[in-house]
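Residues per chain are reported as follows:
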Amino acid sequence: MGQGSFCYVKGTPVLEARELTKFYTLGKEKVRALDRVDFTARQGDFTVVNGPSGSGKSTLLNLLALIDRPSAGEVLFEGKPTSTLPERALAHLRREKIGLVFQTFNLIPVLSAAENVEYPLLLTRTPRAERRERVRAILAEVGLSDLARRRPDELSGGQRQRVAVARALVTQPRVVLADEPTANLDSATGKQIMELLQGLNREHCVTFVVVTHDPAVVPYAERVLTIRDGRIGGEERRGEPRPA
Amino acid sequence: MASLALRNLSRNRRRTLLSAGIVALGCALSLAVLGFVERSRALIQESTVQQFGNLQIADPKVLEGRAEGFASLLPPGDRARVEALARAERGVVGTTVQLSFSGLLAVRRTTAVVRAVGVVPQNGVLDYDRLVVEGRGLRPGDLGALLVGRTLAEELGLRVGDFVNLTATTVAGAFNVSPLEVVGVFRFSSAEVERAQVFVPLAFAQLLLATDGVERVVVRVDRLGRTWEVARGIEGKLSAGGLPLAVRTWDVLSPFYRGLSGFFDLLFGFLVAAVFVLVFFVILQILTLSFLERMRELGTIRALGTTQGEVFSLLVGEGLWLGVLGGGVGVLGGIALAALFNAAGIPWQPPGTVEAVALGVDLTPRVVGIPWGVSVLSTALSAVLPAYQATRVPPAEALRAV
Numbered sequence: 001m002g003q004g005s006f007c008y009v010k011g012t013p014v015l016e017a018r019e020l021t022k023f024y025t026l027g028k029e030k031v032r033a034l035d036r037v038d039f040t041a042r043q044g045d046f047t048v049v050n051g052p053s054g055s056g057k058s059t060l061l062n063l064l065a066l067i068d069r070p071s072a073g074e075v076l077f078e079g080k081p082t083s084t085l086p087e088r089a090l091a092h093l094r095r096e097k098i099g100l101v102f103q104t105f106n107l108i109p110v111l112s113a114a115e116n117v118e119y120p121l122l123l124t125r126t127p128r129a130e131r132r133e134r135v136r137a138i139l140a141e142v143g144l145s146d147l148a149r150r151r152p153d154e155l156s157g158g159q160r161q162r163v164a165v166a167r168a169l170v171t172q173p174r175v176v177l178a179d180e181p182t183a184n185l186d187s188a189t190g191k192q193i194m195e196l197l198q199g200l201n202r203e204h205c206v207t208f209v210v211v212t213h214d215p216a217v218v219p220y221a222e223r224v225l226t227i228r229d230g231r232i233g234g235e236e237r238r239g240e241p242r243p244a
Numbered sequence: 001m002a003s004l005a006l007r008n009l010s011r012n013r014r015r016t017l018l019s020a021g022i023v024a025l026g027c028a029l030s031l032a033v034l035g036f037v038e039r040s041r042a043l044i045q046e047s048t049v050q051q052f053g054n055l056q057i058a059d060p061k062v063l064e065g066r067a068e069g070f071a072s073l074l075p076p077g078d079r080a081r082v083e084a085l086a087r088a089e090r091g092v093v094g095t096t097v098q099l100s101f102s103g104l105l106a107v108r109r110t111t112a113v114v115r116a117v118g119v120v121p122q123n124g125v126l127d128y129d130r131l132v133v134e135g136r137g138l139r140p141g142d143l144g145a146l147l148v149g150r151t152l153a154e155e156l157g158l159r160v161g162d163f164v165n166l167t168a169t170t171v172a173g174a175f176n177v178s179p180l181e182v183v184g185v186f187r188f189s190s191a192e193v194e195r196a197q198v199f200v201p202l203a204f205a206q207l208l209l210a211t212d213g214v215e216r217v218v219v220r221v222d223r224l225g226r227t228w229e230v231a232r233g234i235e236g237k238l239s240a241g242g243l244p245l246a247v248r249t250w251d252v253l254s255p256f257y258r259g260l261s262g263f264f265d266l267l268f269g270f271l272v273a274a275v276f277v278l279v280f281f282v283i284l285q286i287l288t289l290s291f292l293e294r295m296r297e298l299g300t301i302r303a304l305g306t307t308q309g310e311v312f313s314l315l316v317g318e319g320l321w322l323g324v325l326g327g328g329v330g331v332l333g334g335i336a337l338a339a340l341f342n343a344a345g346i347p348w349q350p351p352g353t354v355e356a357v358a359l360g361v362d363l364t365p366r367v368v369g370i371p372w373g374v375s376v377l378s379t380a381l382s383a384v385l386p387a388y389q390a391t392r393v394p395p396a397e398a399l400r401a402v
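Chains as they are written, first to last, in our numbering: chain A, 1 to 244; chain B, 1 to 402.
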């Protein structure tokens, strides 16, 4: 990536969920979206959380990304509990240590590809010269150097998701959380994106947690968790992951 | 963030143009009205100063209208001291004196009670000649000469060249009467003055009243803004010199100006408040809609680590930019409107003045700055509530927004 190595000690727990529970209130009804989930993502892991729609995947991801608060249980980031942290501290944790990739890319439409990637670095007050260099390098890594000045509406779905991946990685986060990153892409483009994520995981030992209901994503994982009705139903450790 | 806020305005150009247009319209209209009010106020100030001088010095009872008889007149020695110390003040361009009294004007078989003002003809401080609409003004060397108000002349059937008798009580309390020739007819801003006031030479007034004293010293200052500084300086010198006299500035001497100025302030305050409220509520609606439509994007930037405070600043920044740009366009529009008015030359007589002038709009820093500032403030403030509401939505919920 041309940013120097940012690999921490492989195997160190980065993100942990303990007895994580989340209720939603729908009218008078209380719906349990997540039920006492335990989960650990270690440095360098490539974990896929697989499950059907409504199984609680996105709820789990939102809680792990610290953009939602659990009804019970705890999320630990780098071994430290987060439930008592104020919103401002959680925002700082997100901007510095967590990368997010969304199903619908969620790029800022008025900014160019490069500016979208640069945005998290503005939040971390990274000096201008370093910002420019990091953006240039990460865009080259995801193969978008020539499209840096284009706005999101001038890019294809695959290109937009590459920009989103670059944005998630540019701050050299401890963990990247991806919510259905291939859901809005055709199968060939989805394959390219997953290969990109896998490459970044291998080359820079970035920790990835990907939630998906797309079976084509599963073969890229070292570890596959299956979630159903808000509970982790099973865990499969795969050896050397391989492309589908 | 400032750059992002500016760019966000380009998302929905039609909506931004509508918002900026409303801000600009409010700003341009208030600028034009404020400029018109300022021009009118300046003309009335000028007219008032021409009538009263910048300030007057006299016994406090005289200035407050409580003087009885002629006990409060300034003897020649005091008059000379007062004029000398006033002229020594920086900015004073001249002084003159007046002596007024009540009298009975008789012409043929008709009489009228008048207030006669004895003035120094062509004194270089108060220009009585500009008031004359028929005949001539008073000249140095005139003695039995009289200027009558237009209304009084009509009521008494007086013409230039007519002779009248003026009866008054001398300072000692005896009756005295003297003939005078009507040399001119004057107009005035007040019909009351035109009906009840006459001007006579000071020398005649002193002769008729059998006194060598004067009632008040009138001071002219080089510029209006220096009036109060000069007044303070003279007050200090009067006090140090043991002269028990008071100083009153033109704005205090003219109840008409005070009333009108208060009315102008009220009018402008009302206009500014109306524009503020209009812009505030219209932009509030527009920004609320705009922020709601972008809820998902706001959820995204929150998820990326933007704090609530930063998102709030971003959204209020959009309101601020809208105000700056809309207000800027409004200022240009207002200046164009002012130029149009100034070029049209529509005749208009401001209240309290004696002659019609071209309707005009003054463009001072205050005239431009206040409407622009109000536009920016109201637009920025209108963003506060929707921005606050938008930042209260948790990021996960905002990301689910359609």
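It should be emphasised that the hints constitute simulated quantities derived from the structure, not laboratory data.
Misleading hints may appear alongside valid ones.
Heads up, simulated SDA-like pairs for lysine to any residue below, C-alpha to C-alpha not over 25 Å straight-line [stated by the list, open to error]:
| # | chain 1 | residue 1 | chain 2 | residue 2 |
| --- | --- | --- | --- | --- |
| 1 | A | K97 | A | S53 |
| 2 | A | K97 | B | Q308 |
| 3 | A | K97 | B | L332 |
| 4 | A | K97 | B | R392 |
A few chain A residues that face chain B, going by a derived Cβ cut-off under 10 Å, partial list only [claimed, not checked]:
| # | residue |
| --- | --- |
| 5 | R69 |
| 6 | R88 |
| 7 | A91 |
| 8 | F102 |
Glycine included, each C-beta is placed from N, C-alpha and C at the ideal position.
Structure-based check of all given hints:
no. : hint             : verdict
1   : A:K97 <-> A:S53  : violated, 28 Å
2   : A:K97 <-> B:Q308 : holds, 18 Å
3   : A:K97 <-> B:L332 : violated, 49 Å
4   : A:K97 <-> B:R392 : holds, 23 Å
5   : R69              : holds, 8 Å
6   : R88              : holds, 5 Å
7   : A91              : holds, 4 Å
8   : F102             : holds, 7 Å
When held up to the earlier numbered hints, the structure conflicts with 1, 3 and fits the remainder.
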